[in-house]
Every structure is written in structure tokens, then in C-alpha cells.
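Each chain is listed here by its residues.
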Amino acid sequence: MIVDYKQLDDRRMRDIMGSLLRYGVVVAALLVIFGGVLFFIQHPGEYFDYSTFKGEPLRFRKVHLIIQEAFNFRGRDVIQLGLLVLVATPIARVIFSLVGFLFERDWIYVAITFIVLVILFISLFSTYLF
Amino acid sequence: MVTFIAILFAGALFAGFIGSLTGLGGGVVIVPLLTIGFGVDIRYAIGTSLIGVIATSSGAASAFVKEGILNIRIGMFLEIATTLGAIAGAAIAFFAPTHTIAVIFGFVLIYSALASLKPKDEIQNTNIEQQGKASRLVEVLKVKGSYMTANGLKYYTLHNLAGGFAMMILAGILSGLLGIGSGALKVIAMDSIMKMPFKVSTTTSNFMIGVTAAASAGIYLTRGYIDPVLSMPVMLGVLIGSLFGARILIKSQTKKIRVVFAIVVSLLALEMIYNGLAKNI
Numbered sequence: 000m001i002v003d004y005k006q007l008d009d010r011r012m013r014d015i016m017g018s019l020l021r022y023g024v025v026v027a028a029l030l031v032i033f034g035g036v037l038f039f040i041q042h043p044g045e046y047f048d049y050s051t052f053k054g055e056p057l058r059f060r061k062v063h064l065i066i067q068e069a070f071n072f073r074g075r076d077v078i079q080l081g082l083l084v085l086v087a088t089p090i091a092r093v094i095f096s097l098v099g100f101l102f103e104r105d106w107i108y109v110a111i112t113f114i115v116l117v118i119l120f121i122s123l124f125s126t127y128l129f
Numbered sequence: 000m001v002t003f004i005a006i007l008f009a010g011a012l013f014a015g016f017i018g019s020l021t022g023l024g025g026g027v028v029i030v031p032l033l034t035i036g037f038g039v040d041i042r043y044a045i046g047t048s049l050i051g052v053i054a055t056s057s058g059a060a061s062a063f064v065k066e067g068i069l070n071i072r073i074g075m076f077l078e079i080a081t082t083l084g085a086i087a088g089a090a091i092a093f094f095a096p097t098h099t100i101a102v103i104f105g106f107v108l109i110y111s112a113l114a115s116l117k118p119k120d121e122i123q124n125t126n127i128e129q130q131g132k133a134s135r136l137v138e139v140l141k142v143k144g145s146y147m148t149a150n151g152l153k154y155y156t157l158h159n160l161a162g163g164f165a166m167m168i169l170a171g172i173l174s175g176l177l178g179i180g181s182g183a184l185k186v187i188a189m190d191s192i193m194k195m196p197f198k199v200s201t202t203t204s205n206f207m208i209g210v211t212a213a214a215s216a217g218i219y220l221t222r223g224y225i226d227p228v229l230s231m232p233v234m235l236g237v238l239i240g241s242l243f244g245a246r247i248l249i250k251s252q253t254k255k256i257r258v259v260f261a262i263v264v265s266l267l268a269l270e271m272i273y274n275g276l277a278k279n280i
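Taken in order, these protein sequences are the chains called A and B. In terms of numbering that gives the first Met the number 0, the first sequence opens at residue 0 and continues consecutively. In terms of numbering that gives the first Met the number 0, the second sequence opens at residue 0 and continues consecutively.
If you're looking for bench data, these hints aren't it; they were derived computationally from the structure. Bear in mind that the values here come from a model prediction, so they are computed numbers and not experimental data. All C-beta atoms in this analysis are idealised placements derived from N, C-alpha and C, irrespective of residue type, glycine included.
Just a few of them, taken from the derived set where beta-carbon distance is under 7 Å, the chain A residues facing chain B: (1) R21; (2) Y46; (3) F47; (4) T51; (5) L82; (6) P89; (7) I111.
My request is simple: use the sequences and hints to build the entire structure.
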């Protein structure tokens, strides 16, 4: 009987990947809920107008500012950190896949995954470049 | 503001449920809800929708991956196409009038609904002999797989990778442009072009949507299109809805999913065409 070790590795990869996605989403959701509660306390009855596009301030946009500002515990800043964690969750899944394919020495898929990762980083950090 | 957020939460709950059940993602419902329902500027709506789309996909995929139905390798390969397309789509969205694209996309959705209803064999390529005849690219990329059904393990091999890849670039562009998961196009690419079994293509599509949307969301977030107050109820609603949808998909039969899929897609297609012509989108 031939034991397909790749199948076994794939199954373990799937399990960890499932947990990674779950924890990422749970952490993001908790931050968003916490930020939402802070927002309702800090801005009771305030109304925001979204009918015309103004664009968000820099503190909701740049990755390092989002992380930095969240520690001031203003509601919207904490929510924005939660959203950043959510966007980072699929990226973390791709990073994990890269590690998994490295362990399996599946070089074709290491290369494929690396390309996807580069594209994702360009997307998130393009404001630092241009 | 509290009422606004509460209604938005309820709408997102429904969108998340349908989104994960059909592999469409929640975006197709969120964008019309925000723009037509709440008069929110389309650019905020697209940014918010992408957040909902990532939540749907990640929430549902965390359940799918352990089931082992989806094909991680082919998903990763095709994500090159969808992420490149997504960035291109997000870039186009900053310049192009979106109502024209909404109309075209509506017709694509109707086509996908009709295509999904055409009767065909549940599993197209089941035997080992056919796997041996697979093309060189299919061999190199190892894009074949198996999954467990009630009748035991089913094997499949994929076809026309180039065609599927091209369709995935288009799916990515539309995802970045309209803030949707483009699940319908992803399923067309895998189901009709690459001959992947429907259940595998639906789950793999859902799995890919998160990474595709993350590629465009990165651009939208860093360019100031994603607002925390709008995103809060949408993200939470869509997430909870998608978890219920995922539970039902795993238990239910493929045929039932196809019918639900076709009806949802057709209704949304008509809505998109109407809004495109009325220049609401």
C-alpha cells in the first residue's frame, strides 16, 4: 500500500489554515465590536454624512498610523485596526501556505504563492511607494 | 446613527448568508443596499463591501477548509490572476464611470445563472485513464484532486487552465472595480471552463474570494475609501450570516444549491443592469 504523505501534509495544512482564518476573523470582529462600543460612548447621537465622498483622513489609511492610533482608544481608530486585521487575515493565510509548501518542498507552489504574496504587499503598502 | 447602523447590520446579515451559500460573496447585495437604500456614495459603498466580502469568505472558508472539499493548490495558482486583476480593477475604479461596467456585469451574471442550470453530469472526469491524458501544464501544476461524496472518493482532472486563468483575471478586475467577490465568475471559470465539480468549485471560489478582496481592499483602505463606522455593522452582519450559510452548504445537495444560485444571480443581475442604466451605479 502506498501512503500518500502529501495528502497527509495537506490535511494538516488545512486544519491549521482553518484555525488561522478563524482566529484572524475573531480577533478582527472583537476589535470592531470593542471599537463600536467605544464609538457609541464617545459619539452618542452624532450623525455622519456619507452622501458625498470626502476620503478618509490619513490616520485611517496608513498601516503604521492605524496601528499607532488604535492605542489612543478612540472608537473609530480601534474599529479601523480591526478592519486592518481582517484584511491581513487572508494575507496571513497566504504566508502560511508559503511555509507549508516550503516544508513539502513543493517548489512550483512556493513560487506561485510567493508571487501572490508580493502582489498583496504591493496593494497594502503602495502608498509608501507612490 | 444607531438606527442606521442597526438596519445596515440586518441587511449585512442577509447578504452574508446568501453570499456564502452560493459562493457569490456578500458584496453584490451590500453595494445596492448602501447606495440605493442609504444614499451612500458609491466609492464608500465599494470600500465597505470589500470588507464584508473578506469577512464572508474568511468566515465561511474556515469551515470549508477542514472539510477538505476545496482544492488549495488550484486556488493558489488562480489567485495570481485574481489578485493582479483586483489591483487593476481598483486602479480603474478611481477613474472609470462604473455604470457602464455594471450593465456589462449584469449580463455576465445572467449568463452564469443560465449556464449553472444546464443539466450535466455531476462529475465529468472521474477515471484514472483520463488523468493520464492530462496536459503537461496540468501535470506540472498537479491540478487534479479528489473529494469525498456519499458514493466514496471522486477523482477529477482540470482542463483549459489558460482559459480559466483569463476568466480569473476578469473576475479580479470586476472584484476590484465593483467591490464584489466575483464568485459567479470564479465559479464559471472553474465549473464551465476548467470542468471542476460544482461543489469543489463553489468552495474553492469562496476560499479565493478573501485573497482577491484583500488585494483590492489594500488599495481601497490605504487610499481612504474604507470608513470605520460604515464597515462596523457590515462586517459583523456579513460574518454572522456567512457562518450560517456555510453550515447549510456542507449539508445540502448540489442541485438545490444550483437553483438557489441561479435565482439569486438572476435577480441581482437585473438589479445591476437597472442601476447601471439609471446611472445609479
